[in-house]
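Visitor: These protein sequences, in sequence, are chains A and B. Going by numbering that gives the first Met the number 0, the residue at position 168 of the first sequence is 167; the numbering climbs one at a time, nothing skipped. Going by numbering that gives the first Met the number 0, the residue at position 53 of the second sequence is 52; the numbering climbs one at a time, nothing skipped.
What you were told as hints is all true, and nothing was included just to trick you.
Below are the EDC-like pairs computed for lysine to aspartate or glutamate, each with C-alpha atoms no more than 20 Å apart in a straight line:
no., chain 1, residue 1, chain 2, residue 2
1, B, K147, B, E193
2, A, K213, A, D1
3, B, K292, A, D355
4, A, K198, A, E162
5, A, K166, A, E96
6, B, K116, A, E137
7, B, K282, B, E271
8, B, K292, B, E202
9, B, K33, B, D131
10, B, K283, A, D355
11, A, K149, A, E165
12, B, K282, A, D355
13, B, K116, A, E136
14, B, K274, B, D209
15, B, K33, B, E57
Pulled from the structure, derived: some chain B residues nowhere near chain A, Cβ distances all over 12 Å:
no., residue
16, D3
17, Y30
18, G31
19, K33
20, S39
21, G43
22, Q60
23, W194
24, F200
25, E271
Simulated from the structure, these hints should not be mistaken for laboratory data. Backbone N, C-alpha and C define an ideal beta-carbon position, used for all residues, glycine too.
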Amino acid sequence: MDLLEYQAKELFREVGIPVLPSQRIDRPTDLKALRIPYPIVLKSQVSVGNRGRAGGIRFVENTIDAIAAARTIFNLPILGEYPQVLLAEAKYNTSQEFYLAIVIDRLACRPVLLGSTDGGMNINAILNQIQQVVVYEEFSSFYARRLALKMGLHGDLMLAVSEIIEKMYALMRAQDLDLVEINPLGIDRNGAVMALDGKISVNHYAVGRHPNLKPWQVVDVARNRLGTLSPLFTNIGNISILCSGNGLALAMLDGIAQGGGQVAQCIVVDPACREDIQIALDRISTNSRRERSPSTPDVDVLLVNFVGSEIDSCQQVMQYFPRYSNLTTIWRVLEHDRDRLAGLLPLSIKLVTNFDRAISQTLVIAKQ
Amino acid sequence: MTIDLQLDSRVLIQGVDNPLALAAIGRMQTYGTKIVGIVSAGQGGGTLGDLPMFDLVEEAQLMLGPIETSLIFVSAYQVLDAALEAIAAGIPQIIIITRGLPPLDMIRLLRQASISKTLILGSGSAGIIIPDRLLLGIYQPQLFSPGKVAIISRNQSLTAEIASELNQANLGQSIVIHIGSDPLVGSSCRLWLEWLQSDPFTESIVLVGDICWDSEAATAAYLLAQQGKPVVAYLAGIHASTPHPLTDAAIVLSHTLSKPIHNADTIQQRIETYKRAKIPVAKKIGQIPSLLKKLGSKG
Numbered sequence: 000m001d002l003l004e005y006q007a008k009e010l011f012r013e014v015g016i017p018v019l020p021s022q023r024i025d026r027p028t029d030l031k032a033l034r035i036p037y038p039i040v041l042k043s044q045v046s047v048g049n050r051g052r053a054g055g056i057r058f059v060e061n062t063i064d065a066i067a068a069a070r071t072i073f074n075l076p077i078l079g080e081y082p083q084v085l086l087a088e089a090k091y092n093t094s095q096e097f098y099l100a101i102v103i104d105r106l107a108c109r110p111v112l113l114g115s116t117d118g119g120m121n122i123n124a125i126l127n128q129i130q131q132v133v134v135y136e137e138f139s140s141f142y143a144r145r146l147a148l149k150m151g152l153h154g155d156l157m158l159a160v161s162e163i164i165e166k167m168y169a170l171m172r173a174q175d176l177d178l179v180e181i182n183p184l185g186i187d188r189n190g191a192v193m194a195l196d197g198k199i200s201v202n203h204y205a206v207g208r209h210p211n212l213k214p215w216q217v218v219d220v221a222r223n224r225l226g227t228l229s230p231l232f233t234n235i236g237n238i239s240i241l242c243s244g245n246g247l248a249l250a251m252l253d254g255i256a257q258g259g260g261q262v263a264q265c266i267v268v269d270p271a272c273r274e275d276i277q278i279a280l281d282r283i284s285t286n287s288r289r290e291r292s293p294s295t296p297d298v299d300v301l302l303v304n305f306v307g308s309e310i311d312s313c314q315q316v317m318q319y320f321p322r323y324s325n326l327t328t329i330w331r332v333l334e335h336d337r338d339r340l341a342g343l344l345p346l347s348i349k350l351v352t353n354f355d356r357a358i359s360q361t362l363v364i365a366k367q
Numbered sequence: 000m001t002i003d004l005q006l007d008s009r010v011l012i013q014g015v016d017n018p019l020a021l022a023a024i025g026r027m028q029t030y031g032t033k034i035v036g037i038v039s040a041g042q043g044g045g046t047l048g049d050l051p052m053f054d055l056v057e058e059a060q061l062m063l064g065p066i067e068t069s070l071i072f073v074s075a076y077q078v079l080d081a082a083l084e085a086i087a088a089g090i091p092q093i094i095i096i097t098r099g100l101p102p103l104d105m106i107r108l109l110r111q112a113s114i115s116k117t118l119i120l121g122s123g124s125a126g127i128i129i130p131d132r133l134l135l136g137i138y139q140p141q142l143f144s145p146g147k148v149a150i151i152s153r154n155q156s157l158t159a160e161i162a163s164e165l166n167q168a169n170l171g172q173s174i175v176i177h178i179g180s181d182p183l184v185g186s187s188c189r190l191w192l193e194w195l196q197s198d199p200f201t202e203s204i205v206l207v208g209d210i211c212w213d214s215e216a217a218t219a220a221y222l223l224a225q226q227g228k229p230v231v232a233y234l235a236g237i238h239a240s241t242p243h244p245l246t247d248a249a250i251v252l253s254h255t256l257s258k259p260i261h262n263a264d265t266i267q268q269r270i271e272t273y274k275r276a277k278i279p280v281a282k283k284i285g286q287i288p289s290l291l292k293k294l295g296s297k298g
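Just need the whole structure built from these sequences, with the hints factored in.
Guide: So, in structure tokens, the structure goes:
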């Protein structure tokens, strides 16, 4: 779960990481009650990067300009996402900008502190200067100082930056974060530090034990339930995939792609949950030819694979299929399931006992 | 840390509050796994079938004697506590079946496990099966048949698919190890590859899925191949994965740590690392048996 900038900054403020005075703007007229002195910067609160280049960040000097700019930003999608909220923030003059982050390294299974004295929008510049410190044992302040020194800092600035890193670590631990990033960390002429932009990702497994984060959760219920991989695909495909695991899904997508087929959607379900299967099939069938509309794909064939799943999936699932008899279904099953099910199923469901054969039969139907 | 897969290994179950655990206990007992007891806080003194239940691991051990392996089924937020309890009681092998462990819990657990030299399999592991001999976990035994091919996997559903493919080609399995589907896992692919070097029942190895792959794992795989135990990999997502727009330094960085930092870690690059280690990558699941047979006949 990625937090928006204003949410990240609220958490920064709670742990004592300095942030600029700011105010949340829900509609352009909120700017009439602005409590921060001009000039200010207005920032689109979307979860994607590159807001600045897309026009989602604007500097304004007075209320009239601010309201006009806010209207523009509210109506400006960034990579398809419209902001629900803007952040109005005081302007800050920096003499230097740093990059700081803490992430979890999957291979080492340890948190890693990252820092670069070249912060900002240019990723290659950040990477050129990037330094890392792996936190092998229980965290202690010296890890933060080690990073700041590796970044080439010294004296008061070294201490100020390592104190920020310590606070970032405390935040990470307290809120179960996958990522906490400050970019840029502004340094003014007096050496004071300020988190000018920030990014926080909360681990999605851990969200449930942090009730304070609950109000910020954006829940797409259907998507969460089904773990659909649909957003990966173009809507020119005519094949739907329903299966019981992400790895299985990727393997089937590879097979379809290798054979020159196009996938309309791929939905991963828990075969033990009847309700999920129902939701998935409803979604697939609304894309099938009977209810075609110009914008949705025509699904010709459904490829099902629940091999290896916990329950006796075939028996339980098959009762849902007759309703969708307009759809040809290729169902990859193990041999003993085929022997038991053969004869019980409508003709539109074909049982196939080999993975690659199931893919190739799907492709044959899709290309007819 | 040693790996002990004796057939008469004594097994403890931690957590029986979900149907998955109950089903798995039944299957394991039928298979001959020596489950000696169950720890479930609040249910101490009771029984489940013929198995005694305890409130604490140390109580179970006091009553039952030494335990070699604990299988953890408790809910995700209780796993850290359950595993630390098993470590404190001196159980040398822990298999975490539960999925979705918060990464910072796993990090804490692994720090402790490295001090106590405890073997951790998982989290999100389906466990280990040696077909016809030993079942530790939630795999359905009928998916596998005995033979000489070892499978090390990151992905439960794909493992079943690949075992089925091997069975159809008359290639049974010497052992199937699911190292876990969670982002962070305890015992690594490298550790199991090294263990397979001295496993007399294994003649070749299939690596399945997004194995945490580093230079040490590559070295271990290379050594196995040198010994005449060929290694074949299958990676899912070669065509399906969409390149994530690399606008975000953190996304780039989080994939590239532990190695000299470079700009991206795509599946194509991972295929390259297999190629450098001279490990063939199967293009299709159906290609795995023929690759194994080809390499096997060479050795």
